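Each protein sequence line maps, in turn, to chains A and B. Counting in numbering that gives the first Met the number 0, the first sequence runs from 0 upward without gaps. Counting in numbering that gives the first Met the number 0, the second sequence runs from 0 upward without gaps.
Please keep in mind that the hints were generated in silico from the structure rather than gathered at the bench. None of the values given here were measured: they were computed from a predicted structure. The C-beta atom is built at its ideal place from N, Cα and C for all residues, glycine as well. One thing to keep in mind: the hints can contain errors.
What the hints assert, rightly or not - If you want the footprint, here are the derived chain B segments under chain A, 3+ residues with CB under 8 Å: (1) 9-23; (2) 85-97; (3) 308-317; (4) 329-337; (5) 340-353; (6) 415-427; (7) 432-445.
Number of protein chains: 2
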Amino acid sequence: MSGFTVCGTVIHAPVCGEVEVLEDALIEVDETGHIVAVHLAGTDDYQELRRRASERGKLQLLAAGQYLLPGLVDLHIHAPQWPQLGKALHLPLYGWLHQYTFPLEAKYRDIGFAEAVYTSLVDTLVANGTTTALYFGTIHLEATKRLADICLARGQRGLVGKVAMDNPEECPDFYRDVSAERGLEDTRALIQYINALSGNETGLVKPVVTPRFIPSCTDEMLAGLAEIAGEYGCHIQTHCSESDWEHAYVINRHGRHDGQSLKEFGLLTNKTLLAHANFIDDADMDAIGQAQTGIAHCPLSNFYFSNAVFPARKALDRGLQVGLGTDISGGPDPSLLRNCSMAVTTSRALEEGVDPDADSDSRGTPGSRIDFREAFWMATTAGGLALDLKTGLFKQGYAFDAIVIDANVENSNLILWEGLDTHEDMLQKIIYSADRHNIIRVWVQGRLIKGDNNS
Amino acid sequence: MSGFTVCGTVIHAPVCGEVEVLEDALIEVDETGHIVAVHLAGTDDYQELRRRASERGKLQLLAAGQYLLPGLVDLHIHAPQWPQLGKALHLPLYGWLHQYTFPLEAKYRDIGFAEAVYTSLVDTLVANGTTTALYFGTIHLEATKRLADICLARGQRGLVGKVAMDNPEECPDFYRDVSAERGLEDTRALIQYINALSGNETGLVKPVVTPRFIPSCTDEMLAGLAEIAGEYGCHIQTHCSESDWEHAYVINRHGRHDGQSLKEFGLLTNKTLLAHANFIDDADMDAIGQAQTGIAHCPLSNFYFSNAVFPARKALDRGLQVGLGTDISGGPDPSLLRNCSMAVTTSRALEEGVDPDADSDSRGTPGSRIDFREAFWMATTAGGLALDLKTGLFKQGYAFDAIVIDANVENSNLILWEGLDTHEDMLQKIIYSADRHNIIRVWVQGRLIKGDNNS
Numbered sequence: 000m001s002g003f004t005v006c007g008t009v010i011h012a013p014v015c016g017e018v019e020v021l022e023d024a025l026i027e028v029d030e031t032g033h034i035v036a037v038h039l040a041g042t043d044d045y046q047e048l049r050r051r052a053s054e055r056g057k058l059q060l061l062a063a064g065q066y067l068l069p070g071l072v073d074l075h076i077h078a079p080q081w082p083q084l085g086k087a088l089h090l091p092l093y094g095w096l097h098q099y100t101f102p103l104e105a106k107y108r109d110i111g112f113a114e115a116v117y118t119s120l121v122d123t124l125v126a127n128g129t130t131t132a133l134y135f136g137t138i139h140l141e142a143t144k145r146l147a148d149i150c151l152a153r154g155q156r157g158l159v160g161k162v163a164m165d166n167p168e169e170c171p172d173f174y175r176d177v178s179a180e181r182g183l184e185d186t187r188a189l190i191q192y193i194n195a196l197s198g199n200e201t202g203l204v205k206p207v208v209t210p211r212f213i214p215s216c217t218d219e220m221l222a223g224l225a226e227i228a229g230e231y232g233c234h235i236q237t238h239c240s241e242s243d244w245e246h247a248y249v250i251n252r253h254g255r256h257d258g259q260s261l262k263e264f265g266l267l268t269n270k271t272l273l274a275h276a277n278f279i280d281d282a283d284m285d286a287i288g289q290a291q292t293g294i295a296h297c298p299l300s301n302f303y304f305s306n307a308v309f310p311a312r313k314a315l316d317r318g319l320q321v322g323l324g325t326d327i328s329g330g331p332d333p334s335l336l337r338n339c340s341m342a343v344t345t346s347r348a349l350e351e352g353v354d355p356d357a358d359s360d361s362r363g364t365p366g367s368r369i370d371f372r373e374a375f376w377m378a379t380t381a382g383g384l385a386l387d388l389k390t391g392l393f394k395q396g397y398a399f400d401a402i403v404i405d406a407n408v409e410n411s412n413l414i415l416w417e418g419l420d421t422h423e424d425m426l427q428k429i430i431y432s433a434d435r436h437n438i439i440r441v442w443v444q445g446r447l448i449k450g451d452n453n454s
Numbered sequence: 000m001s002g003f004t005v006c007g008t009v010i011h012a013p014v015c016g017e018v019e020v021l022e023d024a025l026i027e028v029d030e031t032g033h034i035v036a037v038h039l040a041g042t043d044d045y046q047e048l049r050r051r052a053s054e055r056g057k058l059q060l061l062a063a064g065q066y067l068l069p070g071l072v073d074l075h076i077h078a079p080q081w082p083q084l085g086k087a088l089h090l091p092l093y094g095w096l097h098q099y100t101f102p103l104e105a106k107y108r109d110i111g112f113a114e115a116v117y118t119s120l121v122d123t124l125v126a127n128g129t130t131t132a133l134y135f136g137t138i139h140l141e142a143t144k145r146l147a148d149i150c151l152a153r154g155q156r157g158l159v160g161k162v163a164m165d166n167p168e169e170c171p172d173f174y175r176d177v178s179a180e181r182g183l184e185d186t187r188a189l190i191q192y193i194n195a196l197s198g199n200e201t202g203l204v205k206p207v208v209t210p211r212f213i214p215s216c217t218d219e220m221l222a223g224l225a226e227i228a229g230e231y232g233c234h235i236q237t238h239c240s241e242s243d244w245e246h247a248y249v250i251n252r253h254g255r256h257d258g259q260s261l262k263e264f265g266l267l268t269n270k271t272l273l274a275h276a277n278f279i280d281d282a283d284m285d286a287i288g289q290a291q292t293g294i295a296h297c298p299l300s301n302f303y304f305s306n307a308v309f310p311a312r313k314a315l316d317r318g319l320q321v322g323l324g325t326d327i328s329g330g331p332d333p334s335l336l337r338n339c340s341m342a343v344t345t346s347r348a349l350e351e352g353v354d355p356d357a358d359s360d361s362r363g364t365p366g367s368r369i370d371f372r373e374a375f376w377m378a379t380t381a382g383g384l385a386l387d388l389k390t391g392l393f394k395q396g397y398a399f400d401a402i403v404i405d406a407n408v409e410n411s412n413l414i415l416w417e418g419l420d421t422h423e424d425m426l427q428k429i430i431y432s433a434d435r436h437n438i439i440r441v442w443v444q445g446r447l448i449k450g451d452n453n454s
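Using the sequences and the hints, build the whole thing.
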């Protein structure tokens, strides 16, 4: 790949709660896919740089109505649950896992099935603008290797974990690591496989240590996984205080909340991502903040499996690194833009309350709302922060992970009204109305993986 | 138009809470666009009828992975608010009306602007599968006539109302009927215009008496509108107990709830549609049920402007005719399928509650949930029932208002997994994942208004 320069209307969110719009900005990308510089229109060298890029045939000019946004960062995806998206939404978490999800995940001993599903999923997420994806696989080493292969082949920044779950009291016989030892061994094998993958020299695809959640794992497994994560400097992902049942289970078994328990096991690091975290209290938030651990807020899933809504406003006000996750298939929508709008929606539900029979003074929790600016920051900048990866922003030294949203596409629900819509208005409309057809280009680390430069 | 026969997998919901799947059903449509008969595979004349239709070149055969569904019925749309979709979501109802919505609606004195917006809106709704649409226009007679014209030209079943709002205490000077008399006169003029529209002999487009809501109208206006509705046998639409502010306003002014007040004025008929109705109590429900008045549940909008969630389960259990509305632009999504999934989601929010700090025993309202079957019934069958129109079902004598959903479309988030997904599963997936690109054909009263018969 040789370097290139993109010129157009850029929208990103360097600061939580603020949107920065740069009209006619020039973004210079080098041959490694990283941003060399962002030049604002009107600055000293701007015209000269633009002329030079154009002369070298390296200028990609966006049209009016097209917007360059950071690629979206999805912090919580169960890859094997993709065929189940939109189904099996009627049971609480525990029953859902045992009746639907574990039986489905057990199928991934079949490599052909895994390849078909994972290819479909990665392609769908890329088409929806997800440039960085944090995946739970299954317990199966081989199937999970294929998921890493597919991310690499497709050019998606994929963080991939083999699920560790060995607790015979909470995991069925047909779907469980046969022992902690074996689970740890396979986790290690996946890390070594991904780190040695040919074509992955830049570390586009990364291994993730993945205890499903505390209920699924023995203490031996949890301790062993922490050791492996430390040894390899890996990311860690798990669920945290997701539902009444799960939260109560951990209190009952360990005498403390998930966050505190994960901390004791050494699983709360600056490269850890906690999915959901609905029931964390002030002490948990302190521990998570001190460890610079990330949270994957999964707003749509909250309504179906969490028994409550994550207090996003409160967590943001405490400075926590809260990004967004689709939680496929607990969250029945693969679009992170859609989950962006749902993050606003869930926060409004929390602020206003929902029960019309309750007194209006006591119905909701005032001060809980976030708006589209915070939600957009969560879907981009915060995703990068939470993962400790230089993505989610247009800034020197960051990977050029980006999408182009086109409001001129025909057959679209996203409509720009000249004279009525500012660029910031358009961002809000994009969050509520853009679909995959409006996403005409997707780059990861400078590589174009959807669309073409001439569209 | 000559008659035709469609053959394929049909999904509809004759009974609330149940989904009926008819494989290889034959639906015979006559030259007026009405359903002559639905023949099930395996019945006596089936093969003969199918052969005959095929020989006459009148058989439209759906492929595997294609589903014939009733056209969607959107019971609450503010047509002039279309340019604002996805914007201005941060204020409560009262402030939102005065700061954003009334100024926008006032622009529709400009007929060119009205034509541009209304064309864009009707096209968008048709593309998203909405075959029947109940529209609020603005106070402007001419602009509202154009909306009726556009529905007729596009072939959408449109029910169109000129908004009546004359109360100087609640409506701004720049956007108000100058008097009750004038508002009533213009309402009458719109009814006469639509009833006499050339090409509208079958009554595809219908006039609707449209008091915005009680706060906007003087008692003189309310009484006069009821009289006009009676005189012409018209539909009526208005808002009912939408938010804390609105609900309290009516109690304060009339000493009773919206439902009771509308009843007193003679505005609660079997052709009335009440939008929202979040705060109706048992007595209101009784009055609404006795009058066979319809309710437009607008689930997404609930979270933004209603301060609470409509108790859909309770209303359905009482036998009320509850359909769905997008509430454009209070609800920031034009897709009724999306609002179908949101109807499930809001009901789950009500059932589970949202506040993680609340005790799990007191957090929600048990027994509040609906599932995709009820939501689908609301979006189709109930819409027809609420409007007293023969649409929303595949049944002899009903209009052939229908859409074809294609799960084979490329570049789609809707994916059919052979061997894993039943037809009923696919309906659920359609509700959560289909977008306008999956809707490859739309008919209204037998006229194909999106797609072609050979796709």
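Taking the hints in turn, this is what the structure says about them:
no., hint, in the structure
1, 9-23, "violated (count 0)"
2, 85-97, "holds (count 4)"
3, 308-317, "holds (count 3)"
4, 329-337, "holds (count 4)"
5, 340-353, "holds (count 10)"
6, 415-427, "holds (count 5)"
7, 432-445, "holds (count 4)"
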